[in-house]
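> Sequence:
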Amino acid sequence: MWYVYKYLYPPPPSGNPWHYRLILLRHGESVWNRDGRYIGWTDVPLTERGEREAQVAGRMLRQQGLRPCQVFTSYLKRAIKTSWLALASANLSYLPTTSAWELNERMWGLAGATTEEAARQYGAVQIAAWAASLTSKPPPVAAGSGVDPRREGRYRRREGRREGGREGGREGGRARGWPPRTESFTETQERAVRYWREVIQRKFEMERRLAIERQGKANAGGVAAGANHGDVCTADGKGREGGDKAVEEENRGATGDQEPRRREGGEEGGEEGGVTFLVVSHANTIRALMAHFDAIEAPDRVWALEVPRATPILYHFDASFRPVPVLHPAHGGSNEIGKDEGVLGWELSGKTGRMMKMEGGREEASLLVSNS
1 MWYVYKYLYP PPPSGNPWHY RLILLRHGES VWNRDGRYIG WTDVPLTERG EREAQVAGRM
61 LRQQGLRPCQ VFTSYLKRAI KTSWLALASA NLSYLPTTSA WELNERMWGL AGATTEEAAR
121 QYGAVQIAAW AASLTSKPPP VAAGSGVDPR REGRYRRREG RREGGREGGR EGGRARGWPP
181 RTESFTETQE RAVRYWREVI QRKFEMERRL AIERQGKANA GGVAAGANHG DVCTADGKGR
241 EGGDKAVEEE NRGATGDQEP RRREGGEEGG EEGGVTFLVV SHANTIRALM AHFDAIEAPD
301 RVWALEVPRA TPILYHFDAS FRPVPVLHPA HGGSNEIGKD EGVLGWELSG KTGRMMKMEG
361 GREEASLLVS NS
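Take 1 as the starting number for the sequence shown in UniProt numbering and just add one per residue.
Don't take each hint at face value.
Straight-line C-alpha distance at most 25 Å; calculated DSS-like pairs for lysine-lysine [what the hints assert, rightly or not]:
#	residue 1	residue 2
1	203	217
2	203	81
3	77	203
Since the hints were derived computationally from the structure, they do not count as laboratory data. Keep in mind the model is a prediction, meaning the values are calculated, not measured.
Input sequences plus hints: build the corresponding full structure.
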């Protein structure tokens, strides 16, 4: 069957004078993905396959002209290294990157156990019940064990992050029960959505104000927006110190292209503009954000949201951070980089403009994810 997935690489929504773009990218294959173990916050590395997957994801971004100007990752090396490799493949290694514990994977109390080991210990029925619930959670990992995040120095201070939007809400991040030894999906979603609202949205808004200010100055001075300001984010997708020239040299020289690639923001100097950010995170964290964006609450529909490894998923938002429906056909037809590399089996359907995964001979038009 075909799995219909989120619209990937659409052009900007027509008629929308301003939009934000958010690329969600799950990390490549990790050692414990390969071994079939529950991972949680355990800081395991990528496999060689996972590294290749990350590089392919970066080439996907470059091929489609998507140029994020800010990157957010978790505290875990499998996401961090995925971001490094993807950005290097996209010729975007210079981008500013912020790591946040809120973007960590769900903290599985079963971390370190294989699925078979967990089933033997707790029973397959109980494992299935935990897997089907949004609110229940497995028993916590053993205190002081090798998978206990409370042994990790990185979590002793939480970068001043607040509970409920207030600085110092947990006394320097050393609240009782922190960091968690187990989490429900709902708890994972609460922290991820809080970070989206408090940090990523605010950064989007700041970049929007700066871009509008630059555009106003450019209109008054008769110069191209973003030129020679040294800013990473601009309304028309230009960026980096040196403005257009640096971008064109990078696109031409580093990739070997004869012509510079089309910029993400559409026509140069046009009224339509936007800012693109990249979040490199984990399956359950990305699933939690997608469920929030698309207002999906039923457990069966939440769990039906597949998050394939190292496959960029693109959201458009309007100026009020409402997901914008994208109804026009995909430009460019199918993207088969992954198939050619023998790493990813996902492609962009030229018929529907959604992500598809071929597992058989027919297409099933599932609407598990809204068309945003």
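> Determine for every hint whether it applies to the structure shown.
Outcome of the hint check:
1. Between the alpha carbons of residue 203 and residue 217 the distance comes to roughly 21 Å, so the proposed pair stays at or under 25 Å and holds.
2. Restraint check for residue 203 and residue 81: satisfied, since their Cα atoms lie roughly 23 Å apart, inside the 25 Å limit.
3. For the proposed pair residue 77 and residue 203, the alpha carbon gap of about 24 Å is at most 25 Å, so the pair holds.
Checked against the numbered hints above, the structure breaks none of them.
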